[in-house]
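Heads up, the sequence shown is in our numbering, so the first residue is 193 and it goes up one at a time.
Calculated from the structure, these hints are not laboratory results.
Every residue gets a Cβ at the ideal spot worked out from N, C-alpha and C, and that includes glycine.
Keep in mind that a hint or two might mislead.
[Unchecked claim] DSSO-like mimics (lysine-lysine), calculated; alpha carbons at most 27 Å apart, straight line:
#1 K199 with K255
#2 K318 with K373
#3 K226 with K255
#4 K352 with K340
#5 K444 with K226
#6 K281 with K444
#7 K255 with K381
#8 K340 with K444
#9 K226 with K199
#10 K199 with K373
[Said to hold, decoys possible] Ranges of calculated distance between the beta carbons of each label pair, as one might list FRET restraints:
#11 H282 with L438: 30 to 36 Å
#12 K301 with K281: 30 to 36 Å
#13 I343 with N384: 19 to 25 Å
#14 D342 with E216: 31 to 37 Å
#15 D290 with P201: 17 to 23 Å
#16 G400 with K444: 37 to 43 Å
#17 P349 with L435: 36 to 42 Å
#18 E377 with P349: 17 to 23 Å
#19 I322 with E216: 24 to 30 Å
#20 E216 with L345: 44 to 50 Å
#21 E276 with P434: 38 to 44 Å
#22 D227 with E346: 46 to 52 Å
#23 N228 with G367: 29 to 35 Å
#24 V445 with D208: 31 to 37 Å
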Amino acid sequence: MLVLDKKEPYSVLGVDISPYSRDEFYELIESRLKDNDPVTPPVFVITVNPEIVIQSIIDNEFKHILTSSSINTADGVGISWAIEFLYNKHVDRITGSDSLENICALCGKHHESAFLYGAMPTVAEKAATILQSRIESFNISGTYSPEKPDIPLEELPDDKREQLQNASVVFVALGAPAQEKWINENLPKLPNCKLIIGIGGTFDFIAGNVKRAPKWLQKSGLEWFYRLCNQPQRWRRMLKLPLFALNVLILKVSNKY
């Protein structure tokens with residue numbers, strides 16, 4: 193049975209961030225994929241950015257979900273900055289966009305199937321075709337793009353529901369917090385699921401509908417600025433970034449970290 197090594201998390205404005213390195217994270221994922229004990233619970237991963245943390249302050253349901261997940265990774269550069277600023281510790285960034293193909297490769301290695309749920313119609317299908325062409329032995333049990341993000345499993349087409357229930361890994365691309373709320377509601381209905389993770393707009397990146405920032409911008413922590421320039425409609429979401437930074441600064445002063 194897989195047992196997560198419960199290292200002490202770092203709390204960022206009330207959200208616990210798992211301290212696993214990138215290598216440790218993938219070792220945990222691979223261990224779960226190799227584990228066929230039916231009583232072992234699935235691993236529920238949330239990739240946390242500053243927007244998610246701010247949303248959790250005003251959304252009690254979302255806050256509860258963040259406390260009940262298995263692993264909360266530092267997705268946004270703001271999360272890594274906050275941990276270094278508050279605790280003087282480094283935590284590897286593990287984003288949904290970067291981790292998806294690595295997880296798919298582990299699925300192929302261990303002959304586990306995956307289901308791609310979410311995004312706009314045809315996007316998940318295109319992403320699935322591209323992933324299967326890139327990754328040897330990778331099996332996708334199915335894809336589905338719901339009309340509404342809160343459709344329960346029972347209301348999905350019979351064939352899609354069966355494919356979801358047979359999949360070992362489920363990638364959910366509905367955007368936060370909708371994807372995490374869908375996972376929380378429907379994960380108990382997925383008996384064969386070993387890993388489930390919300391991955392935001394990653395299917396669009398893979399399908400080529402949205403371009404990711406160049407690597408140098410990703411490494412410098414300015415990917416958010418690149419996405420804002422290419423998707424100006426994101427400006428309202430970006431307002432949460434200075435609010436996040438301000439709250440972290442206040443926390444630092446008030447608690448004397």
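query = What hint numbers does the structure not satisfy?
reply = 3, 5, 8, 11, 20, 21, 22, 24
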